[in-house]
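Trainee: Both chains come to you apart, so use the hints to assemble them.
Top to bottom, those sequences are chains A and B.
Here the first sequence is numbered in the working numbering, starting from 1 and rising by one per residue.
Here the second sequence is numbered in the working numbering, starting from 430 and rising by one per residue.
Derived by calculation from the structure, the hints in this document are not laboratory data.
It should be emphasised that the depicted structure is a prediction, and the values quoted were computed from it without experimental measurement.
Take the hints with a grain of salt, since some may be wrong.
One side of the interface only, derived from the structure: several residues of chain A facing chain B at Cβ under 8 Å [stated by the list, open to error]:
hint	residue
1	73
2	74
3	140
4	205
5	208
6	250
7	361
8	364
Here a beta-carbon is modelled for each residue, glycine too, at the ideal position from N, C-alpha and C.
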Amino acid sequence: MRRSLLAALVCLLCLGSGCSDAAPPIDTTPPALDFADMEPRVRTVLSALHERVRAEPQSAHAWAELGYALDAHAMLVEAESSLERAVALDPERFKPAYLFAFLGDLNGRDADELVRRFERAAELRGDYAPLFLREGDAMNRAGRYDRARASYGRALEIDPKYGKAHTGLGGLLNVLGEPEAAISHLEQARAQAPDDRPTLAALAQAYGLVGRMDDAQEASERMRATEGSALPHNDPLRAQVLALGVSSSAAFQRARRAMQAGDLAAAVPDLEIVAEAQPQDPDVPVRLAFVLLKLGRTARGVEELEKALKLDADHSEAHALMAQVEVERGALDAALERFARAYRGTPLDSDSHRAWGVALAQQSRHDEAAGQFKMAIEQSPKDPEPRYLMALSLELAGRVPEAIRAYEEAVRVLPAHPLAQRLGPLRAK
Amino acid sequence: MKPASGILFESVLVALLCAGCGGDGQTPGTGTGAGSNTGSSASDGWLVEVTAASGIDFVHHSGRQGNLVLTEIMGGGAALFDCDGDGDLDAFFVDGASDSARSEGDRSSTPNRLFRNDGSGVFTDATEGAGLAVPDGIGMGVCVGDVDGDGLDDLYVTQFGRDRLYHNSGGGRFEDVTDAYGVDVAGWSCSAAFFDADADGDLDLFVTQYIDLDLELECRDGAGRRTWCPPLSGAPVADVFLRNTGGRFVDESERVGIAAVRAAGLGVVCDDFDGDGRADVFVANDGYENHLWIGREDGTFRDEAVARGVAFNHLGAPEAGMGVVAEDLTGGGGIDLLLTHLQEETNTLYRARGGIFVDDTGRSGLFETTMAYTGFGIAAFDIELDGDLDLAIANGRVRAGIVAPQCELAAPLDVLAEPNLLLIGAGGRFADAAGRATAFTGPAEVSRGVCAGDLDGDGDVDLVVTQIDGPARVYRNDAPRAGGWWIVDAREPDGRRAIGARVTVLEGGARLARTVRAADGYVTSRDARAHFGLASGSTQTPELEVLWPTGEREQFTPAGRDRVVTLVRGEGREL
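So that you can see chain B by itself, here it is in the shape it has in the complex (with noise of 0.2 Å):
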């Protein structure tokens, strides 16, 4: 026998004689369910899986019905927001089609469904009476926002079909006022997203539409077997934007500028880019150059991804833009990008630099977790409250692939399916930290959204996963705590909440800032308000700055940390 260096033979050595220790390789926890965050530190248990015990059992119908259509493959939507007034964060889930009646010219849906929270994170079915009507399209996302200003959140539903607007009575009770505020938006519509964007006060929106779909066409892979059709399948088309004009939207598109661009657009979330003071919003297209909508002076919009660096990856290659979040998730100070893909491209990351983007992917850590598979969701959070974004991301291929050896789902869908990952932030690198958190990364499923919000009040954040043809799951977030946590509910003097606003936390010479927003991810909407992990270890009272959407700055210092803290424009300190 040759011999072997010391280390490198023992580590073997233990590796054969562990191999049939049996379980995942995890060292052993204190198991998945128990017990409250506090202090936990099970080693598998960062998310527990408390669907069951949630009261949430809603199931997503694709409708599919054997002859591989893409919408049934790309739906999911799903929503958490305060329905009914009372403080915690209920839950809305978008359904897809019925099984049996997805025949041509029939697209009923199933369903959508609604759950209120008790405050504690147990939901009840409300559905019924709620006026959340089945509509007749194919069910694909929501977004959330208050577009009447009377400080109750509002829904719109996108759909493959005529989306709908639902306005919020108060009670959990809606009323479809689709025809009313002249909302006419057909086609297939995926994300959208409430945002001011002429600075008026009120919510405007842009809508992502996909792609003109030839429900007869048949695609094949490359071994010739039937499949799903892909993006290029279909024309391209231009995403919608609608003005508020107060008590109506007015579908702007042709005259802002967007209309003239055509795409397959999935993501899209609103920021102020370009720090002029304006919003801005970026589009993640599928298989197309994403685009960067700048706003202008003139109220409309000009495309600057090319210019700015984020139309295509480091190679200069398109990529199947899916989901996306903007946060300052290097440290930088800046609105960072990061977008979820296709399998054999990387999920990417953009840092920002003064306004303009650089592919900074490959220092990110996310070429060897995530270039095997599909990207759909994404929520960025502060998992363990140490101050720094985590990355929560749903998978699920769209193109056959082999089964995963965990995957218990039934063809068709078992070739799609693919594991979910957590990946931990540190600095502007994300690690995968699939084995403290095997709730939410063993399972191989066709996952589409992820919602996050504090569900339980307990000042973490938990998660809802949507899945094609397959129950919602619902995360508690059970990771141990590095510090102590703000959850920051930024308002106008009348009660709306102040959709746009930058919230800094100042802490031990720390910065760390959250747009106050609901629209990211993909095809959903979580909780609008800016949560913060305090983990400096500083003692002192960290204060809080908001660059209001008006323009204006505050400084506030909030008693206390490890608490809501509502902020009200116009009651802070003048900067």
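So here's chain A without its partners, still in its complex pose (with noise of 0.2 Å):
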């Protein structure tokens, strides 16, 4: 009896609503986006694609489009609501429906839901090893072990050299009380990157676990020792959405990304994109000459150091970089004089002193270049150059004892340099 008075009620609700067979409508009402503070690069892009999905409120793609570049510029939540109806409009397509579960993670979103879409996006590419690497994170983070443990699992069985899903497995397996299958993955991880600071972190807490507690030291300290992380997630998908920001902290952080792999090259366009949107800050052209003088490109180098120091005439950083140009250009004169107006108590950076170094040893000034060498030595120990450079300023000056003092601990660094071969002869001295 009840049942048919429910039945009642809702035919009555759905004739007044307009119900039928078919999924409820899709609301593709575009997200309210305050464009009003936002650098104009970015409000032209995100202008422009917010415009799109009001003309093609229908268009999966639009809708993905513009969830991809509000994810590149850290609107999350803005970002997962606009691939909530890209995934919805067409669910047949991996990318949205990966994506929209990874910000799920980020956002906090329940882990029912959240091993709802990765299930959809695995059930559309199921070769993808990020997706399972993220999905064990995610269950990992909500305590649903068993998935993580199979997720991560998964990710290994496409890729067994992923060192990310690895050390995912790794850190799971200490939590589960495994310590020793832990340290099997953990270690494996390390073998490919030993700088990895979350490997060697979970590293050292599986030996802390098994009792190893020098071992579980060494690694904490090994940590302690490097920067960042150096395992690569290996996701395109998730670099294309991260290419897409155009704002100056999206452009900063690629920058950074690249010059810490070493493509300075990679790191100019999106430094420029910084110097534009930040015209007041000296900053950013003295960091932007800097990749530029390291390139080679020396006369646009000098340009960005002059605007810095138009915007600040005392910048350090900014004459301490011009005047290394103009030790090379042999202009010492004014070289030294910039030198000793970018010094002010605080140690400039290695090869800051090993240039003015290198400018009073051009005058004959050897003691004092040794003295600048030193301060190289200080800031880079594990750098030969300015050791050898400093032996020989100390020979130059007629300090033998000292200058074979600083040889000995050169050729301890690097035996294989041409310089060392003046240690044999000074000694015999």
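Mentor: Next comes the structure, spelled out in structure tokens:
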């Protein structure tokens, strides 16, 4: 009886609201975005994409593009909402489905919902290892440890050398009280990237859990001596999204990553974006100049340094870089004057002290040069070059016992250096 | 129409029909402000806001001037302590800076304020004549401790600027003894903790230092909008350790080893985490690995956070550590750690396993409840006296987000506002109890500190919450009671509070343990006494076991429940 009443009531409700067999209509109202304070480049990009979904509200592609762009500019909730519409409009496309699941994790959606999203993405493409890594991380965070273990395992089935998955699984096994198994995975990850901080941290913990406290301490000391994460996610779809960022902060992050990876040329266009967005910040042209000078683009580098010095006539780093250029150009007096101006008690970087030392040495001021090389060594103790230069300066200054000791130190760092040959004859003296 | 399965279909229908029922979807209760807590079962009334009735009318001022300086959104210190020796908890609040004064070179604070309790939870402003003068920095936090062993709690106020030490002269009067005690801590201090580092009987001090702030720096978010700078925008700095030499504090940060490590410290809690009888220090760092300073025999500390599993989360990533509590949150008998973090990070629970910790956030239920919020202050307390610790978490973002619909704040703080969380603990899992305390969890504000203590003397724990540029809020605990209670005041024979003592209640086979301390959470100081909910159902009077800071272990059998129990070292049965 009760069921009949309910059914009748539902029919009444449906008549009023136009219910049919079809799925509920998809809300294609564009998200409310406040463009007012955005950087002009960002405003241009996002407003164009926003306008597009307004014009083509049934276009899954348009919604997905808006979602990616919002994600690239760290507007994660709005991005997730756009991708939700993209997925609803076209449930067969893998990229929005995957990133919808990933953003759901970042935005703290509940575990059941995340499972549903990751499963749907995996149905569309079951061989994309980063998907299972992300699912493993999400399930791990949510305490769905069995599922997390299976997800990491699937990622490793697809790519047995997937370092991030070994690290994720290792961390999980620590939680599950299986530190020996954790060590096995973590040591595989460490073999790929000896300085990966997450791996070293989990490894230190695993060693601790099995009572290998010395190993634990060694791993933690090693971790402290490193910076950042060295293992890549190997996730081209996510990388594509991050590449869409046109804000100064997105560009800066990309430039920083490129510089950390040693790809200085790739950092230039992003640093130019930052410089355009922050024309009053003298640090930006200095950073750009640093990269340009390293790439041998001296004229452009000098232009940027001049810009920086117009904004801040006392910018220490700008003066130091300009002085290095002057040393290369042989303008030694100008360089020395500029180094003195740059140095205000706080040491400059190793390159600057080394160039300063070279300028002094070229004027036969060997004692002073040795002092500069010593400061360069303090900044970069593993670099053999300033060590040999200091030894040579001391030798030329006639400070033979000190020179011998300096050569000996330098040889310890790098035996195969042309100046190492001077040690033998000097000892013979 | 496609056939729908019965139960699901009915529930959808009920949802449809109820969509316009109004209110917040809670079962109608008996109101939030009515009556005492005994027998109250109002579903939205476990924490009733009684700010106006309490007489506490403190309003925080950040001193913001529109240039989005990080100091504006990081303060909010408060303390609950007995300032006048009358046995109840008084309240002290740290202000930021005056709205008009925080220009370059001028860091004038507005007055910090003291409120005295009449014992029933009604407070009177006692700032005038208290001697807690207006300091010359931007106020951040406060910690409480009896620095000279006279039985009265003194105050250490942290600042962006020079910190201040106030000696309690009795009767609610204080004297600034910063210079007399040789305290010279500047920079940007946040949370601080008094503890007896060297087991000599007096209280030493650990002060977290945040970052070397560049006041000129302008930061932008992912879309290029101006925002408050993140911690990584300033150089990390080392924390400070001050050793109490009797009438003087000596900066021994270098000697004990903590000066060698730089990070962005915000939260601190002290306990014996490795069980060797020596005091250790845990520091929650913002964006950097946490530190676990293990006390060593030679009086130095060694950071063993990485090896012991508390430096990073389970994915090996550093998180934005803000507040921290150290309690047996999982029922395993160890001292677990729980840290509040940034949005897109969980609040993280490290379960203790014999001196090593495992990130057990997943099993705790904290992922789904905390991932969407930026947590700062945190209090672990037994709201309904059932023996399990529950959590009150003060939330409020540090970077702009979507304005919450219930937010009533104006720009620029509206984009930071979030509701607070009440999480009910049971067996190491925490469930969101927002619907049971809507006065606490409903509004969206930029909250920072949470202080826990029994303000009205009824045996349960009430809360005080601070917020940025807004009024402090006082919440009376009206949760239905599952059992009785004890508040244990552990004292040394000379009357000093036994900070660091581990008090364990043995009741019906269960063991509930708490450490006597005032400093935990974020920039706040709470009632240092150990509070227990007693709900085992046993008819026998529970036993109390105390592991004193001296290493002595004693057992006590207090008469009766539901009272403050004072235990004095040497007066129990030696174990």
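Trainee: Hint by hint, note whether the structure agrees.
Mentor: Hint check:
Taken as an interface hint, residue 73 of chain A checks out: its beta carbon lies about 4 Å from the nearest beta carbon of chain B, inside 8 Å. For residue 74 of chain A, the interface hint holds, since its Cβ comes within 8 Å of a Cβ in chain B; the closest pair sits about 3 Å apart. A cut of 8 Å between beta carbons decides the hint on residue 140 of chain A: the least distance to chain B is about 6 Å, and the hint holds. Given the 8 Å rule on beta carbons, the hint for residue 205 of chain A holds: about 4 Å separates it from the nearest Cβ of chain B.
With a cut of 8 Å, the hint placing residue 208 of chain A at the interface with chain B holds, because the nearest CB-to-CB distance is about 5 Å. For residue 250 of chain A, the shortest C-beta to C-beta distance to chain B is roughly 6 Å, which falls under 8 Å, so the interface hint holds. At a threshold of 8 Å, the smallest CB-CB gap from residue 361 of chain A to chain B is about 33 Å, leaving the interface hint violated. The interface hint given for residue 364 of chain A is broken, as the beta carbon of that residue sits about 38 Å from the closest beta carbon of chain B, more than 8 Å.
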